[in-house]
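Sequences listed follow chains A and B, in order. Here the numbering used here is used: the first residue of the first sequence is 1, the next is one more, and so on. Here the numbering used here is used: the first residue of the second sequence is 1, the next is one more, and so on.
Because the hints were derived from the structure by calculation, they are not lab data. C-beta: ideal position from N, C-alpha, C; glycine also. Hints may contain errors.
To be verified - DSBU-like mimics (lysine-lysine), calculated; alpha carbons at most 30 Å apart, straight line:
| id | chain 1 | residue 1 | chain 2 | residue 2 |
| --- | --- | --- | --- | --- |
| 1 | A | 273 | A | 30 |
| 2 | A | 141 | B | 78 |
| 3 | A | 141 | A | 209 |
| 4 | A | 273 | B | 204 |
| 5 | B | 99 | B | 188 |
| 6 | B | 98 | B | 64 |
| 7 | B | 96 | B | 78 |
| 8 | A | 141 | A | 26 |
| 9 | B | 61 | B | 98 |
| 10 | B | 188 | A | 213 |
| 11 | B | 112 | A | 209 |
| 12 | B | 61 | B | 164 |
| 13 | B | 112 | A | 267 |
| 14 | B | 61 | B | 99 |
| 15 | B | 204 | A | 141 |
| 16 | B | 164 | B | 135 |
| 17 | A | 170 | A | 213 |
| 18 | B | 15 | A | 273 |
| 19 | B | 112 | B | 98 |
| 20 | B | 99 | B | 78 |
| 21 | B | 78 | B | 164 |
To be verified - Taking CB as the label site, the calculated pair distances span:
| id | chain 1 | residue 1 | chain 2 | residue 2 | range |
| --- | --- | --- | --- | --- | --- |
| 22 | A | 133 | B | 204 | 32 to 40 Å |
| 23 | A | 280 | B | 2 | 30 to 38 Å |
| 24 | B | 167 | A | 108 | 28 to 36 Å |
To be verified - Covered by chain B, per the in silico footprint, the following chain A stretches (three or more residues, Cβ under 8 Å):
| id | region |
| --- | --- |
| 25 | 6-16 |
| 26 | 80-87 |
So the chains spell out like this:
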Amino acid sequence: MPINLRYAVVGVLALLAIGTLIIELKRMFKPGSGDAELWLRMRSWWVMAGMFLLAITINQTLSLVFFAMVSFLALKEYFSIIATRRADRRVLLWAYLAIPIQYYFISQQWYGMFIIFIPVYMFLAMPMRMVMVGETRGFLKSAGTLHWGLMMAVFSLSHAAYLLVLPLEKNPLAGGAGLLLFLILLTQFNDVMQFVWGKLFGNIKIIPKVSPKKTLAGFLGGVATTTLVAGLLAPYLTPLVGWQTWVAGLIIGVFGFVGDVTISALKRDLGIKDSGSLIPGHGGVLDRVDSLTYTAPLFFHYVYYFCY
Amino acid sequence: MQRTLQALFFILVVKPLMAVVLGANIRHPERMPTHGAAILVANHNSHLDTLLLMSLYPISKLHKIRPVAAADYFMRNKFLAWFALNIMHILPLERKPKKGVDPLAHIEVALKNGDILILFPEGSRGEPERREPFKTGIAHIMQRMPYTLVTAIFMQGLGKALPKGDWLPVPFFADMFVAEPFQWQGGKDATMIRLETEFQALEKQGRFDTWS
């Protein structure tokens, strides 16, 4: 395992321990009604981080399987909450089958297919399959909603997994796993920081129609903290240098927020609070990876452009 | 032997299927009865309904869970009958009983034995994701066993995963809403009205589009 990755893994575990300690102290000295929820959320963080760290430290194949599974769960949640047509059952199956194919291309480092398979081939194949079924009522809405879900849950998220197979020699001290850890850590850290800053200084609403609890202070504080931490960590975990490291943090901070509120808009449209209940304290898988649907492709292409 | 086969089927097929391919969002899982005599009354969309309900119980309790199923459907050929009786451990119910035969006798025995019954009062799966009017057989059973606790369970989504008339399952999360248990209401009509009220209350907890 690359040396800096090793330090980063220890760092993440330390961060979780500190988080747990803070919640425990709050429970002891300033108990409140939200404590049980916070505790549940923290426990889920341990489980998720544990699974993720185990996957990326054991081997690449396991990591890819882990991400394919996340894509599958997110897509299944999406198909379960939106209105689908009975006529599209076979089309949905095609969409699910895109997951192993997409992750296979990643495992082969087949960049060309990885980048066009879903936006081009699946984009064309799914309406074709719908035409074969022949139900035209609701055709357009269905073609649009199904492909959007596939883009979010599979194409976007799979960019995080592609970081794993980027050539090691460009980033010898941390490797692809280090890049991935950087992205996931910063994205999740940004989520938490936006929440914490929003709780501390929350009065001006930033986007009340979509997400009434989000505040301007939360957004700005989150972006600033994430940019700062990215600037400090990036030299050790990524091949980015100088100003590039700060911009990486800025991208993750700003677009993590955008991803979050995009999924919020989807849920508000459907009239639901959570996309599922798989992760106690967090909601569904889609609720947890909402920010990542934006940060993964944006961070990937940013790094790819400058360094690979 | 039969218990081992059933356990194997659930460990190797049903539980992984429910954990990975399907999955359920359950509201108030703690309301599920842990011991009999009890009856789970659910709406019926798919063969997967029974598998999901049974998969919620630990393997050690599985042999106490008895789906009540139509004899004319599940006993129609030898293989299916063997599977239904030995693996699913069903209580076959004659939908059109012969004169002089008590069609509910073995159901009463199972309840007295402390089993947990699964009953779909719609009678058949019908149109997926649409609840049909309940048949009154459940009230007859409750009248004979008035202290049995009945738990209403509303399920949605499995009809999309495997609707009647299709063989290919497609992954979907199911939604499941569990009500507080109730008992015989002193009369058949009152009991059926209570059951209907329970289901209407459960349906209101979710947001459901019609599926067609």
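To see whether the hints hold, each was checked on the structure:
no. : hint                         : in the structure
1   : A:273 with A:30              : holds (28 Å)
2   : A:141 with B:78              : violated (46 Å)
3   : A:141 with A:209             : holds (24 Å)
4   : A:273 with B:204             : holds (15 Å)
5   : B:99 with B:188              : holds (22 Å)
6   : B:98 with B:64               : holds (28 Å)
7   : B:96 with B:78               : holds (20 Å)
8   : A:141 with A:26              : violated (48 Å)
9   : B:61 with B:98               : violated (33 Å)
10  : B:188 with A:213             : violated (49 Å)
11  : B:112 with A:209             : violated (56 Å)
12  : B:61 with B:164              : holds (29 Å)
13  : B:112 with A:267             : violated (47 Å)
14  : B:61 with B:99               : violated (35 Å)
15  : B:204 with A:141             : holds (26 Å)
16  : B:164 with B:135             : holds (19 Å)
17  : A:170 with A:213             : violated (41 Å)
18  : B:15 with A:273              : holds (28 Å)
19  : B:112 with B:98              : holds (24 Å)
20  : B:99 with B:78               : holds (25 Å)
21  : B:78 with B:164              : holds (21 Å)
22  : A:133 with B:204: 32 to 40 Å : holds (33 Å)
23  : A:280 with B:2: 30 to 38 Å   : holds (36 Å)
24  : B:167 with A:108: 28 to 36 Å : holds (33 Å)
25  : 6-16                         : violated (count 0)
26  : 80-87                        : holds (count 5)
Checked against the numbered hints above, the structure violates hints 2, 8, 9, 10, 11, 13, 14, 17 and 25; every other hint is satisfied.
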